[in-house]
Amino acid sequence: MSSCIIKCDKLEIGYGRGLLPPFNLVIEKADFLCIAGPNGSGKSTLIKTILAMTPAVSGKVEFPSGRPVFGYVPQQKNITSDHPLTAYETVMMGKYGAKILVKITGKDKTDVTEKMKTMGVYHLKDRRFSSLSGGQKQRVLLARALAANPDILILDEPTQGMDVTGENDILEILERLNRQSGKTVILISHQLNTVRKIANRTIQINDNGLKEEN
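Adding 692 to a residue's 1-based position in the sequence shown gives its number in the numbering used here.
Since the hints were derived computationally from the structure, they do not count as laboratory data.
The structure displayed is predicted, hence computed values, not measured ones.
Just so you know, even glycine gets a beta-carbon here, dropped at the ideal spot from N, CA and C.
There may be inaccurate statements among the hints.
Said to hold, decoys possible - Cβ-Cβ distance ranges computed for the label pairs, FRET-style:
no.: 1; residue 1: Pro756; residue 2: Glu806; range: 37 to 47 Å
no.: 2; residue 1: Asn906; residue 2: His815; range: 23 to 33 Å
no.: 3; residue 1: Gln872; residue 2: Asn906; range: 20 to 30 Å
no.: 4; residue 1: Gly874; residue 2: Asn731; range: 29 to 39 Å
no.: 5; residue 1: Thr802; residue 2: Asn900; range: 45 to 55 Å
no.: 6; residue 1: Asn900; residue 2: Val761; range: 31 to 41 Å
no.: 7; residue 1: Lys809; residue 2: Pro714; range: 38 to 48 Å
no.: 8; residue 1: Thr857; residue 2: Ser695; range: 32 to 42 Å
Stated by the list, open to error - Below, in silico cross-link-like pairs of lysine-lysine (DSSO-like), each with a Cα-Cα straight-line distance of 27 Å or less:
no.: 9; residue 1: Lys817; residue 2: Lys721
no.: 10; residue 1: Lys817; residue 2: Lys795
no.: 11; residue 1: Lys795; residue 2: Lys769
no.: 12; residue 1: Lys889; residue 2: Lys809
no.: 13; residue 1: Lys699; residue 2: Lys721
no.: 14; residue 1: Lys721; residue 2: Lys740
no.: 15; residue 1: Lys752; residue 2: Lys702
no.: 16; residue 1: Lys721; residue 2: Lys752
no.: 17; residue 1: Lys769; residue 2: Lys817
no.: 18; residue 1: Lys795; residue 2: Lys809
no.: 19; residue 1: Lys801; residue 2: Lys787
no.: 20; residue 1: Lys699; residue 2: Lys817
no.: 21; residue 1: Lys903; residue 2: Lys889
Taking the hints into account, I'd like the entire structure generated from these sequences.
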């Protein structure tokens, strides 16, 4: 059985017109893929196209093994600043999204607590999300992504604005999830020297398209 989990076939990404020439890309189960490139090159557009948040200009994204469960952590600048929920409620959204009138089970509560402890934010559970620091918000959002028990984690510059210690902590957790739990990780990052040590694949994006490093 193929281990291909995402297949981009002659994919052209953009908003009405292509940002890059059409390309092919295969992502395997348990890959740790780093996507790098200058600002505005199409990194975020690529992952939003994979997530079906942005339609492709042409080509298609396929899931040969069936549509996976995604856990997504957006860029910090795209997080609503007046988010009214507590940190705990925010992580619980990873279970149910925007659904209302759902019955939260004891297992859900246990799982959310576990994910918050993994990310070192359980002590913030009763704080309003909007009152947290940038680094704390990123940790809560990663806990929310993990609460979905995803097959694939997609993270858009998750360590932006963090100090070196916080950045290393996040990357160590991602490395552990990838190597010990077999999670597929797709990470946009500018910290290439650090990420290259744990990613098994790195793709550079520029005006000429995608190029995978050897």
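> Hint numbers the structure violates, sorted upward?
Replying inline: Of the numbered hints given earlier, those the structure breaks are 1, 2, 9, 11, 20, listed in rising order.
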